Amino acid sequence: MPLLAIVALAVVTYSFRLVGPLCRGRVTLPPAATVLFADAAAVLLIALAATSALTNGHDFAGWARPAGVLIAGILAARRAPFPVVVLAAACVTALLRLVGVA
Amino acid sequence: MFIILNMSPLWRTRGSASSRRSASSRRSGLLRGSGLLRGSGLLRGSGLLRDVALVCVADGLVGLSFGATTVAGGLPWWVPVAMSLLVFAGGSQFAAVGMVLAGGSPFAAVAAGAVLNTRLLPYGFAVADVVAAPERAGGGAATAGPTTAAGLRGWLIRLLGAQVITDESVAFALRATDPERRRSAFWTCGLMLFAVWNVSVLLGVLAGSVMRNTNALGLDVMFPAVVIALALPALADLRTRFSAGTGAVIAVALTPVLPAGLPVLAALVGLATGWRPRNSGSRANGSPTDGSPTDLRREAVDEPTGER
Numbered sequence: 008m009p010l011l012a013i014v015a016l017a018v019v020t021y022s023f024r025l026v027g028p029l030c031r032g033r034v035t036l037p038p039a040a041t042v043l044f045a046d047a048a049a050v051l052l053i054a055l056a057a058t059s060a061l062t063n064g065h066d067f068a069g070w071a072r073p074a075g076v077l078i079a080g081i082l083a084a085r086r087a088p089f090p091v092v093v094l095a096a097a098c099v100t101a102l103l104r105l106v107g108v109a
Numbered sequence: 035m036f037i038i039l040n041m042s043p044l045w046r047t048r049g050s051a052s053s054r055r056s057a058s059s060r061r062s063g064l065l066r067g068s069g070l071l072r073g074s075g076l077l078r079g080s081g082l083l084r085d086v087a088l089v090c091v092a093d094g095l096v097g098l099s100f101g102a103t104t105v106a107g108g109l110p111w112w113v114p115v116a117m118s119l120l121v122f123a124g125g126s127q128f129a130a131v132g133m134v135l136a137g138g139s140p141f142a143a144v145a146a147g148a149v150l151n152t153r154l155l156p157y158g159f160a161v162a163d164v165v166a167a168p169e170r171a172g173g174g175a176a177t178a179g180p181t182t183a184a185g186l187r188g189w190l191i192r193l194l195g196a197q198v199i200t201d202e203s204v205a206f207a208l209r210a211t212d213p214e215r216r217r218s219a220f221w222t223c224g225l226m227l228f229a230v231w232n233v234s235v236l237l238g239v240l241a242g243s244v245m246r247n248t249n250a251l252g253l254d255v256m257f258p259a260v261v262i263a264l265a266l267p268a269l270a271d272l273r274t275r276f277s278a279g280t281g282a283v284i285a286v287a288l289t290p291v292l293p294a295g296l297p298v299l300a301a302l303v304g305l306a307t308g309w310r311p312r313n314s315g316s317r318a319n320g321s322p323t324d325g326s327p328t329d330l331r332r333e334a335v336d337e338p339t340g341e342r
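Going down the list, the sequences are from chains U and W. Remember, our numbering sits 7 above the position in the first sequence when you count from 1. Remember, our numbering sits 34 above the position in the second sequence when you count from 1.
It is worth saying that the hints were derived from the structure and are not from the lab. Please read all numbers here as calculations on a predicted model, not as lab measurements. Beta carbons are placed, not taken as given, at the ideal position from N, Cα and C, and that holds for glycine. Please note that a few of the clues may not be correct.
Said to hold, decoys possible - Derived Cβ-Cβ restraints for the label pairs, each shown as a range:
(1) W/Ala250 x U/Arg33: 54 to 60 Å
(2) U/Leu102 x W/Thr211: 43 to 49 Å
(3) U/Ala84 x W/Gly108: 31 to 37 Å
As the list claims (entries may be wrong) - Which chain W residues stay away from chain U? Per the calculated CB distances, all over 12 Å, these:
(4) Leu83
(5) Ala183
(6) Gly185
(7) Asp212
(8) Met226
(9) Val233
(10) Leu236
(11) Ser243
(12) Val244
As the list claims (entries may be wrong) - If you want the footprint, here are the derived chain W segments under chain U, 3+ residues with CB under 8 Å:
(13) 93–106
(14) 110–124
(15) 254–260
Start from the sequences, fold in the hints, and give me the full structure.
Structure (structure tokens):
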């Protein structure tokens, strides 16, 4: 990850943050745009979670990792506290690997 | 921070604290301070401090795992540290690093992170009034140029405040109603999160660089687990759920054939499957003049009830 990429992401991110405070009272954002941004973020995150749970490079990641992510999803859907979600996922995956499940 | 969408999983942990908070913050209204940078918000009302501290603990864990997984994946120590200081948006940090670690190009990583952070744009509109300097927040700040000392200070505060616009600080700000309380909630949460996030990432980097065989510890599952927990609250809407499901199938199906990073971006095609004009009644009934994200505002109102 080159420094230039980090700086580029930082500049883009900061400009998103700054537009609202700079335009206050002069420009408004259509509600449809707000909804679209939120949906795009949700779609990206779920796709990211799915690919990083199931794949390693171009290949299947094995069963231990998706099993942990599944537990995380169930716990998160049941509104378990955030630390519980993450630690439970890691424990499930680690235990599965300990007993020989890849 | 980053955290991404609305970090409602975090709110969950402080449901009981929230109800106590409303009583204590009413009492503490008399103690309202004046100087923003003197930390009046930090001193007023232990309820706010307690709630913010709980969010900081949860985000601290995320920061630890971000720092640890990034260096365990093979990236140099300064990458997570610089990202946390400069980008300060956890979801996009995880996304960008995850794509690079999976072999994706830095360009795709920046693109994915940027799309994730577009939500900060409506956030900025929603909290524009509290990001401004307090003495000008009543009105007219938008027209004040950096011509006087006070004007210059106001602009500096606004530039600094913009950097601490995060899911959490915005949610805290929108939860309060009167301007002074909104401001102290925003700044308290924003500044504390900035400190906690960067320190925890640094600690994670230290931990990750001494650990061996992190996969045996299940560390590789932390990233998708964090992302799932962050994204789930945004899936309350059936249409969004459909878009996300379609996008995930597209991304996974394309992973064996496309260069790393691109499948996740291709998932945005899923947006089209769920998109249809919505009736504006339920979503757009906020204040049409300030373009606030009414979703967030509604959640901010609901949240103290502990429903989420």
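A quick look at each hint next to the structure:
1. A hinted range of 54 to 60 Å holds for the C-beta pair W/Ala250 and U/Arg33, which are about 56 Å apart.
2. Distance hint check for U/Leu102 and W/Thr211: the Cβ-Cβ separation is about 47 Å, which falls inside the suggested range of 43 to 49 Å.
3. A hinted range of 31 to 37 Å for the beta carbons of U/Ala84 and W/Gly108 is consistent with their spacing of about 32 Å.
4. For W/Leu83, the condition that its CB be more than 12 Å from all CB atoms of chain U holds, with the nearest at approximately 19 Å.
5. Against chain U, the non-interface label of W/Ala183 holds: every CB pair exceeds 12 Å, the least being about 20 Å.
6. With a least beta-carbon separation of about 14 Å from chain U, W/Gly185 lies farther than 12 Å from that chain, consistent with its non-interface assignment.
7. Look at W/Asp212: its CB is around 18 Å from the nearest CB on chain U, clear of 12 Å, so calling it non-interface holds up.
8. The claim that W/Met226 is not at the interface with chain U holds, since no C-beta of that chain comes within 12 Å of its own (minimum 17 Å).
9. Once the 12 Å rule is applied to beta carbons, W/Val233 is consistent with being away from chain U; the minimum gap is 17 Å.
10. With a minimum CB-CB distance of about 16 Å to chain U, W/Leu236 clears the 12 Å threshold, and the non-interface call stands.
11. With 12 Å as the threshold on Cβ separation, the claim that W/Ser243 sits away from chain U holds: the shortest Cβ distance comes to roughly 16 Å.
12. The claim that W/Val244 lies off the interface holds: its Cβ sits roughly 17 Å from the closest Cβ of chain U, which is beyond the 12 Å cut-off.
13. With a cut-off of 8 Å between beta carbons, the stretch 93–106 of chain W has 3 residues touching chain U; three or more are needed, and the interface restraint holds.
14. Counting residues of the stretch 110–124 of chain W whose CB lies closer than 8 Å to any CB of chain U gives 7, so the stated coverage by that chain holds, three being the minimum.
15. Beta-carbon proximity to chain U at under 8 Å applies to 7 residues in the stretch 254–260 of chain W; the threshold of 3 is reached and the given coverage holds.
The structure fails none of the hints (numbered hints given earlier).
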